[in-house]
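Residue numbers (this note's numbering), protein chains in the order written: chain A, 72 to 362; chain B, 3 to 360.
Take these hints with a grain of salt, some might be off.
As the list claims (entries may be wrong) - Restraint-style ranges between C-beta atoms, simulated for each label pair:
hint, chain 1, residue 1, chain 2, residue 2, range
1, B, A105, A, S248, 27 to 33 Å
2, A, P275, B, N165, 23 to 29 Å
3, B, G71, A, S182, 50 to 56 Å
4, A, A180, B, E111, 53 to 59 Å
5, B, S164, A, Y95, 41 to 47 Å
As the list claims (entries may be wrong) - Cross-link-like lysine-lysine pairs, in silico, BS3-like; alpha carbons within 27 Å at most:
hint, chain 1, residue 1, chain 2, residue 2
6, A, K278, B, K179
7, B, K109, B, K93
8, B, K179, B, K169
9, A, K162, B, K75
10, B, K93, A, K355
To be clear, the hints were calculated from the coordinates, so they are not data collected in a lab.
Note that the structure is predicted; figures quoted are calculated from it, not measured.
Note that beta-carbon positions come from the ideal geometry of N, C-alpha and C, so glycine has one too.
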Amino acid sequence: MNARLTPWLFLMPAIAIYGIFGAYPIFQTFAISLTDQVGVAEPGKFIGLQNYVTLIQDDYFLNALKHTGIWVIAFLIVPNSLAITIALLVKQTFWGASLIKTVFFLPLALSFAIVGVVWGWIYEPDVGLLDQLLIGLGLESLIVEWLGPDAATYSVIAAAAWRQTAFATVVFLAGLSSIPTELIEAAKVDGGTRRQIFFRITLPLLKPASTIAVSSALIHALLATEIVLTMTEGGPFGSSEVVGYRMYMETFWNYKFGYGAAIGVIVTLMTAILVVPYVRRMAKAQERDWS
Amino acid sequence: MAHVTINQVIKNYGAVRAIKGIDVDIDDGEFVALVGPSGCGKTTLLRMIAGLEDITGGTIEIGGKVVNGLQPKARDIAMVFQNYALYPHMKVADNMSFSMQLAGASKDEIKVKVEDAARILNLEPYLDRYPRELSGGQRQRVAMGRAIVRNPKVFLFDEPLSNLDAKLRVSMRAEIKSLHQRLGTTAVYVTHDQIEAMTMADKIVVMSEGRIEQVGTPLDLYDEPANLFVAAFIGSPSMNLLEAQVCDGGVRFADGTVLALSGTEGFETGRPVIAGIRPDTFELAERGLTVQVNVTEPTGAETQVVGQIGDTPVTCLMRERISGRYGDVLHVLPQGPVHLFDPETRQRLGTARAAIVN
Chain A
72 MNARLTPWLF LMPAIAIYGI FGAYPIFQTF AISLTDQVGV AEPGKFIGLQ
122 NYVTLIQDDY FLNALKHTGI WVIAFLIVPN SLAITIALLV KQTFWGASLI
172 KTVFFLPLAL SFAIVGVVWG WIYEPDVGLL DQLLIGLGLE SLIVEWLGPD
222 AATYSVIAAA AWRQTAFATV VFLAGLSSIP TELIEAAKVD GGTRRQIFFR
272 ITLPLLKPAS TIAVSSALIH ALLATEIVLT MTEGGPFGSS EVVGYRMYME
322 TFWNYKFGYG AAIGVIVTLM TAILVVPYVR RMAKAQERDW S
Chain B
3 MAHVTINQVI KNYGAVRAIK GIDVDIDDGE FVALVGPSGC GKTTLLRMIA
53 GLEDITGGTI EIGGKVVNGL QPKARDIAMV FQNYALYPHM KVADNMSFSM
103 QLAGASKDEI KVKVEDAARI LNLEPYLDRY PRELSGGQRQ RVAMGRAIVR
153 NPKVFLFDEP LSNLDAKLRV SMRAEIKSLH QRLGTTAVYV THDQIEAMTM
203 ADKIVVMSEG RIEQVGTPLD LYDEPANLFV AAFIGSPSMN LLEAQVCDGG
253 VRFADGTVLA LSGTEGFETG RPVIAGIRPD TFELAERGLT VQVNVTEPTG
303 AETQVVGQIG DTPVTCLMRE RISGRYGDVL HVLPQGPVHL FDPETRQRLG
353 TARAAIVN
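Kindly generate the complete structure, drawing on both the sequences and the hints.
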């Protein structure tokens, strides 16, 4: 066997799978986005960038894009900072720590779609868990229409953040346990306060973990389709629509395949622009610190 | 610089008492080695001095001040860890100056101190590198540099050479010792390697199972071991320990051989003892103790004979080049001290010397 061929042979299965399920659909989506295809019966005719021009004047799309922006910002900050805090707390060994860990990890067993259904019940007016809780605590004044036009986006984000926090906690706990105890002890002897040690030793050494947590948060925030679908269907009055949901609606509800594909291409581009440089930079830092 | 006083210190881990009431006085500028087998509590004691372990009972004073309740950073100590514990995301210069940065020292001050330390340790070309770009020996130096830059009251070393290869270990040993003599800072050095302790320390604390077996200068411990543990632990190869009985004018070994000794007059005849004889004190003789050879190991300068006297394994270090084989028989006599230990209390009763053979 040719020695130069051997590595490629080993790579073939991965390349084939990526090609069929990754590269080809992306390419095909871009091709469709340049047509006015409706449904799947017959191919549409080539219309150049017309779909994209329409998109940037489409109020529905721009509204969804704004919500996606809120998702990205909220999803970067809320689950990750909560997760680091929880990870630091439950990393201490105390009685019941493993029980608490289990409780925090449990949401991971649920898909975002299921989380949407469950939190839909929690947000139910009057009889839902949240309203009942607030009533029980005598805090009725705080009750709002959780899935109403003003709050819907934030309520959906909160539900999704609940699950994302569980994921990020697992990742950060693993990251924390990979930091040798001696480093923290050395920093203590060097005169570090808890705060200094956290910001100058722990946090920088959590880079590999935060790469995973942050890119996962970005990817989920940019799509965020299933949970919007199961909780609010983008409503009321489009108040919780996101670009992923728009893509789904235009394609499979309105049968505008060409137009939906254009949204898909935009989501792909946003993901690439936000996630790829970040992962690259972090991978370099990781190589520097951990070899 | 400061003296360190360890007073009746106890450490419990749950129900287990790891340190069972220890007293050590370390003088200003002294280099003290804590030595003992794994699990003897030496590292725990060091970590208690550092403030990384709570003290269950007793007190530890640094420079006349009780530090029991103080955080590590308030104790003015520097520590070199076994695996160096360098911050992987910081360059060498930042690793060394981290403590000064935390203390809010000025950039100029940090630069001067780091360059001083780097010069002492020959680290100048590496200040801009990351720890991963350094060899084991260089990382070790950076860990030392980090301690030097602090200019602390006390240096604490936790088996700092155990991750280096044998050759580097010997040269770093000398380097640490000369560094200590130059800086004159009090140092506490934990090791399981008795040769390291012997060669570097002003004073050795031999520990076993959470207790102190003996404290003394290296040669005190070698010449006058307090008990069987120290006798066997200090010195390499370790002391031969042979069961015997005091007889008129000497001791009689289990195989019936009588060794004439001066200095056994005070003991009653028939008293069981354990005779401790250093391997290097043996010399070939016409008559004497009968050694059945198992192997001989020539090292060039000397020959190590591994064999047995009766049923007891012994090691003899001979200056002659002997090429004995399995089953050969040698006759040897100790030309140095013969330590006598009580088999019950395991304490040293006294030291005798070989008399003229008869």
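- Item | Indices of hints not satisfied (ascending) | Violated hints (numbers, rising): 5, 6; every other hint is consistent with the structure.
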